[in-house]
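K.L.:
Sequence:
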Amino acid sequence: MTHTILYDGALWHNLLPFTFTRPVAEIRVGILKISEKWEQWLNVSTSYLTERYLQNKFPLNTDTENLIINAGLLPDEGVIQAIKTLPLNTGLFKADTFVAVKISDDQVEGFDPERIQEKENYDGSLSLLEHPWQIFKKNPEELEKDFELLNQGKKSAKLNETNTILGEHPVFVEDGAEVECSILNAQKGPIYIGKEAEVMEGSIIRGPAAFLEHAQVKMGAKIYEGTTFGPYCKAGGEVNNAVLMGYSNKAHDGFLGNSVIGEWCNIGADTNNSNLKNNYKEVKVWNYSDNRFRSTGEKFCGLFMADHSKCGINTMFNTGTVVGVSANIYGGGFPRVFVPSFAWGGASGFQTYQLNKAIETADKMMERRGLSCDETEQAILTEVFNRTEQYRSF
Numbered sequence: 001m002t003h004t005i006l007y008d009g010a011l012w013h014n015l016l017p018f019t020f021t022r023p024v025a026e027i028r029v030g031i032l033k034i035s036e037k038w039e040q041w042l043n044v045s046t047s048y049l050t051e052r053y054l055q056n057k058f059p060l061n062t063d064t065e066n067l068i069i070n071a072g073l074l075p076d077e078g079v080i081q082a083i084k085t086l087p088l089n090t091g092l093f094k095a096d097t098f099v100a101v102k103i104s105d106d107q108v109e110g111f112d113p114e115r116i117q118e119k120e121n122y123d124g125s126l127s128l129l130e131h132p133w134q135i136f137k138k139n140p141e142e143l144e145k146d147f148e149l150l151n152q153g154k155k156s157a158k159l160n161e162t163n164t165i166l167g168e169h170p171v172f173v174e175d176g177a178e179v180e181c182s183i184l185n186a187q188k189g190p191i192y193i194g195k196e197a198e199v200m201e202g203s204i205i206r207g208p209a210a211f212l213e214h215a216q217v218k219m220g221a222k223i224y225e226g227t228t229f230g231p232y233c234k235a236g237g238e239v240n241n242a243v244l245m246g247y248s249n250k251a252h253d254g255f256l257g258n259s260v261i262g263e264w265c266n267i268g269a270d271t272n273n274s275n276l277k278n279n280y281k282e283v284k285v286w287n288y289s290d291n292r293f294r295s296t297g298e299k300f301c302g303l304f305m306a307d308h309s310k311c312g313i314n315t316m317f318n319t320g321t322v323v324g325v326s327a328n329i330y331g332g333g334f335p336r337v338f339v340p341s342f343a344w345g346g347a348s349g350f351q352t353y354q355l356n357k358a359i360e361t362a363d364k365m366m367e368r369r370g371l372s373c374d375e376t377e378q379a380i381l382t383e384v385f386n387r388t389e390q391y392r393s394f
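For the sequence shown, position 303 matches number 303 in our numbering, and the numbering has no gaps at all.
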């Protein structure tokens, strides 16, 4: 049997702060997480080769033969066919970029693609997730790809006649979803509404967009194209080209655009983020690999908020703000554009958010969704707290 392993490598560092609490392949872009895309395309189960402290929650499994794939790679028909025909002990590369390799189980531990001797060149195009801002940049295309992948041969539940539907692209509604008195504009792309999701009256949604199981769109919400709300997320106000990975709330008025929000985050009422500089220059964001700000090459770039972070009402975020894990931001004025993990405060200054208090808050929020911040979750948060101490020189 061949087992599929998704390998982080250096991409794990490039995609911080979101990968502090997950492997690369657990990032959601489009409708699905990267791991779920591979499982759908290849009809397999996957495991992870990631940072050691994450392996308890995201284990590594092996078999006699193992297909190791670059975890940042977003699959398509071309790369799938190339991988399926790959011989044992031969690596597939696109120039210097590792794509995949098949190896025996005794070669998995300590795997390094630079040690692969037999190589094949892939001459097709690759879609690779290498930086946090590419999550929202690639989201519109991935929404359309995932929509087609998930809904082949399936029939949508019927939409109530109280809704207005525009455009030729499909609107797919899973069983149990409730959509009333809303405008669904599918002129630019499809719209996916998951099981038990709710779209309240007066909502306006432009595709491509997705709202996964138990997501809730509040009354009068304005959701622009390229947006994903993961499982149990709440959507309100104005949202444009943003990805909320799951269990996070942006339930009230305020603008969120060209942004990525992790899991278990809460965006306070009337919070706004800037996504464009007044001088129209390229946006710089904090890069953990380089320990400095680096240019994104993008003019539109909003807020990057990692898991378990929260902000109070009327918070203002400057263009390209990066917020780490378990930060708590509040108060008037613009906070700094790099907010470290476990920071507590705002524009007037920060102090360290004590680990035990952060875990207590995480547990209370998770309890509201029938989950808990168990020992595994606590161990991850503790490791992140220790790893990020250098940034909290308040």
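Among these hints, one or two may not hold up.
Claimed, not checked - With a straight-line cut-off of 25 Å between C-alpha atoms, the simulated SDA-like cross-links for lysine to any residue are:
| # | residue 1 | residue 2 |
| --- | --- | --- |
| 1 | K218 | I313 |
| 2 | K158 | K119 |
| 3 | K357 | A347 |
| 4 | K284 | C181 |
| 5 | K33 | C181 |
| 6 | K119 | K138 |
| 7 | K33 | F172 |
| 8 | K57 | M366 |
| 9 | K33 | I313 |
| 10 | K138 | I313 |
| 11 | K119 | P140 |
| 12 | K158 | F93 |
| 13 | K155 | L128 |
What the hints assert, rightly or not - Okay, the calculated beta carbon distance ranges per label pair:
| # | residue 1 | residue 2 | range |
| --- | --- | --- | --- |
| 14 | E168 | E360 | 25 to 35 Å |
| 15 | A269 | S127 | 45 to 55 Å |
| 16 | A347 | D106 | 34 to 44 Å |
| 17 | E148 | K119 | 45 to 55 Å |
| 18 | A347 | N121 | 27 to 37 Å |
| 19 | L88 | G153 | 27 to 37 Å |
| 20 | E168 | R115 | 21 to 31 Å |
| 21 | E168 | Q354 | 49 to 59 Å |
| 22 | A347 | D63 | 27 to 37 Å |
Everything labelled a hint here was simulated from the structure, so no lab data went into it.
What you are looking at is a predicted structure, and each value in this text was computed from that prediction instead of being measured.
Cβ atoms here follow ideal geometry from the backbone N, Cα and C, with glycine treated the same way.
K.L.:
Run every hint past the structure and note whether it holds.
P.N.:
Here's how the hints hold up against the structure:
1. K218 / I313: 17 Å, holds
2. K158 / K119: 50 Å, violated
3. K357 / A347: Holds: K357 and A347 sit about 22 Å apart, inside 25 Å.
4. K284 / C181: Distance ~41 Å between K284 and C181 Cα, so the pair is violated.
5. K33 / C181: 30 Å, violated
6. K119 / K138: Status violated; Cα separation ~28 Å.
7. K33 / F172: 19 Å, holds
8. K57 / M366: Cα-Cα ~16 Å, so holds.
9. K33 / I313: 30 Å, violated
10. K138 / I313: Violated - the C-alpha atoms of I313 and K138 are around 30 Å apart, more than 25 Å.
11. K119 / P140: 33 Å, violated
12. K158 / F93: 45 Å, violated
13. K155 / L128: Violated - the C-alpha atoms of L128 and K155 are around 31 Å apart, more than 25 Å.
14. E168 / E360: 25 to 35 Å: 50 Å, violated
15. A269 / S127: 45 to 55 Å: 36 Å, violated
16. A347 / D106: 34 to 44 Å: 55 Å, violated
17. E148 / K119: 45 to 55 Å: At roughly 32 Å between Cβ atoms, K119 and E148 fall outside 45 to 55 Å, so the hint is violated.
18. A347 / N121: 27 to 37 Å: 51 Å, violated
19. L88 / G153: 27 to 37 Å: Taking Cβ atoms as reference, L88 and G153 lie about 34 Å apart, which means the hint holds.
20. E168 / R115: 21 to 31 Å: 50 Å, violated
21. E168 / Q354: 49 to 59 Å: Cβ of E168 to Cβ of Q354: about 54 Å, so the range 49 to 59 Å holds.
22. A347 / D63: 27 to 37 Å: 53 Å, violated
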